[in-house]
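Please build the complete structure, drawing on both the sequences and the hints.
Line by line, the protein sequences are chains X and P.
Under my numbering, the very last position in the first sequence is 551; numbers go up by exactly one each time.
Under my numbering, the very last position in the second sequence is 289; numbers go up by exactly one each time.
None of these hints come from the bench; they were simulated from the model.
Note that this is a predicted model, so its numbers are computed, not measured.
Watch out, some of these pointers could steer you wrong.
Unchecked claim - Restraint-style ranges between C-beta atoms, simulated for each label pair:
id, chain 1, residue 1, chain 2, residue 2, range
1, X, K426, P, T34, 39 to 47 Å
2, P, V233, X, K344, 36 to 44 Å
3, P, T25, X, R529, 47 to 55 Å
4, X, R546, P, G252, 28 to 36 Å
5, P, S36, X, V298, 38 to 46 Å
6, P, D39, X, D296, 42 to 50 Å
7, P, L88, X, D465, 49 to 57 Å
8, X, E362, P, E28, 41 to 49 Å
Don't be surprised by glycine CBs; every beta carbon is placed ideally from N, CA and C.
One letter stands for each residue in the lines below.
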Amino acid sequence: MPIISIRDLVVEYDGRRILDKLNLDIQQGETMVLLGGSGCGKSTLLRQIIGLERPKSGSVLIKGNDIGCCSPAELNRIRRSIGVAFQSAALFNSLSVEDNIALPLREHTNLAPSIIDLMVWMKLLVVGLEDFGKMPPKELSGGMKKRAAVARAMALDPEILVFDEPSAGLDPIVAADLDELILLLKQVFGVTVIVVTHELPSAYRIADRIAMLYNGSFLAVGTKDEIRASQNPHVRQFLDRVPDDMAKTPAIPAFFERYLEEN
Amino acid sequence: MATLLEGVGKNTLSYLDYIGNLNVQLWQTLRALGASLPLIGNRYRWKEAVRQMLEIGVDALPMVGLMAMSTGFILAMQGASELRRFGAIHYVIDLVAVGFTRELGPLLTAIAVSGRSGSAFAAEIGTMEVTEEIDSLRVMAFDPVEFLLAPKYLAALIAVPCLSVVSNLCGIFAGGLFMFFSTRLGLVLYLRYVLDSIALRDVVSGLIKSVAFATIIAHVGCLEGFRVRGGPDAVGRSTTSAVVRSTFLVVIADAVFTAIFYFTGKM
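If you want it as C-alpha cells, here you go:
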C-alpha cells in the first residue's frame, strides 16, 4: 500500500482552479520530486499533503487516513509522522537552534531532559551544525538555516520528510550539499521524501520518481530517465529551458515596435 | 446613491464579520486557556504567560504611572479652577478618587497597553505568519491558539487589572500632591478623604472594565496578526490596525459598561 495516495484532488481559490483532479501514489521509502515552473500549483499540492489546507474535492490519504476529513486529534497524530522543512526554514527566531529542535520533543514526548539534549545533539550532528546549537537562527547563513530546519523536521523521527524548495536562494555548492544531506537521510533513516523544486540538477540528483506539474495537472510521472525521454512539449520546454513564445503576448513586441518607430 | 448604500452595507458586513471572528477566536482561546494555567496546564505555556505578564505589566509600569500622574494632576487642576469659584475645592478629592477608580485608571491603562502590547502581539504573530512559522507550528501538531494566544490572553487578564490598580494609585497620589501644594492639605488626611469618597463597588467596576479591556486588546492584537497575508508591509498595516481597532473598541466597551453600571444603579 502506498504511504501517500492522492485521489482526484481538486483545489480552488476564489473559484479559480489551482489543482485539477490530481492522482498520485507515493511508495514508502521513495523520493518523489514534484517539479514544475512558478505558479503551477506545486506548493499548493504540498500544503494539501501536509494538511494545511482542505481540498474542494478529492482526498489525500496518508497511510490510509484521509487527512481532509479526520478529527483534529487524528490529524495531529498523522502530522507527528511528517517532518516539514519549509522554504524559508520557518525557525522560531525567539528560540535558539537547539531549542527549535527540542520543541517538538519536549511537547510531544515524555523523554527526560538529558535524553532530549542528547537527541538534539544527534540531529545537529547529522546536519553538520553541532557547534551552532546555542545560536539564534537569525545569526545563521541561509544554508545553515535550511539544515537546522531539516534537523527540526527530523526531531520526532518522522516516516515522511517534506522539503519545500530546499535549494531556493542557495549557491550551487550549498544546494548540492543539501541534496547530499537529503540522500543521506533517506539512506540512513529509510524515510519517504517529498521534494518540491524547480531546480533540475537537484531533482535529477535526489529523485527516485519525478511528477511534473503544469497548470495544476500532472504532465508526466515517472523515473528520471522516463522524464528525460518525455516528448511532451511542455515537459521538453521545461527541461530544455525554452522561453515562452513571444507571439503569445503580442502586446510586448508591438509595444517595442511602436516605441522604436516613435523614437 | 446605490454605490453609497453598497459601501455602507459592505462595511457593515465587514465589521460584523470581524466581530464574529473575534468571538470565534475568544471561544477557541477560552477552551485552550486551561493549558496555560499553572499546575494543571502545560508548564511551557505557563512560563510563556509569566514572560508575557512581565512584558505587558512590569515593563509598562513607568509609562502607565507617569501617564496616570499627569492625568491626575490635570484633572485636579481643571476641577479646582471651577470648584474654587463655589468654595468647593475639597470636592477635587472626590473627583480624582472616584474618577480614577471607576473610569480613568482602567481607560488610561487600556490605551497604554493597546499601544504597547496590542501592537506587539499583532507584529509578532503577523511576522510569524509571513515567515511560515505559524504553518510550521501547525505541521508540528501545535495549535497556534493554544501556543501563542492563550498565554498572551492569560497574561493580559492578570497584568491589565494590576496595572489599572497602579494607575489608580498614581492618579490619586498626583491629586494629593496638587491638594498639598494648593491648600496645604496633608497627605494622610487626603488619603482619609479618598477612602471616605470611594466605595468597594467603584474599585470592582473599574476592575471589571479592566478585564474586558484586556480581552479586547489581546484578541484584537492577535486577530490582526493572524489575518496578515503577504509581506512585511502587511505586518506594518496590522500593527496600526491593532492599535486603532482595539482603542476604538475599548472606548465603545467603556461606554457600554458605564451605561450598564449607571442604569443598574451600581455607580
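Results for each hint:
1. X:K426 to P:T34: 39 to 47 Å: holds, 43 Å
2. P:V233 to X:K344: 36 to 44 Å: holds, 42 Å
3. P:T25 to X:R529: 47 to 55 Å: For P:T25 and X:R529 the Cβ distance comes to about 49 Å; the hint holds.
4. X:R546 to P:G252: 28 to 36 Å: Taking Cβ atoms as reference, X:R546 and P:G252 lie about 35 Å apart, which means the hint holds.
5. P:S36 to X:V298: 38 to 46 Å: violated, 29 Å
6. P:D39 to X:D296: 42 to 50 Å: Given range 42 to 50 Å: violated, Cβ gap about 32 Å.
7. P:L88 to X:D465: 49 to 57 Å: With Cβ atoms ~54 Å apart, the hint holds.
8. X:E362 to P:E28: 41 to 49 Å: Holds: the Cβ-Cβ distance is about 44 Å, inside 41 to 49 Å.
Checked against the numbered hints given earlier, the structure breaks hints 5, 6 and satisfies all the rest.
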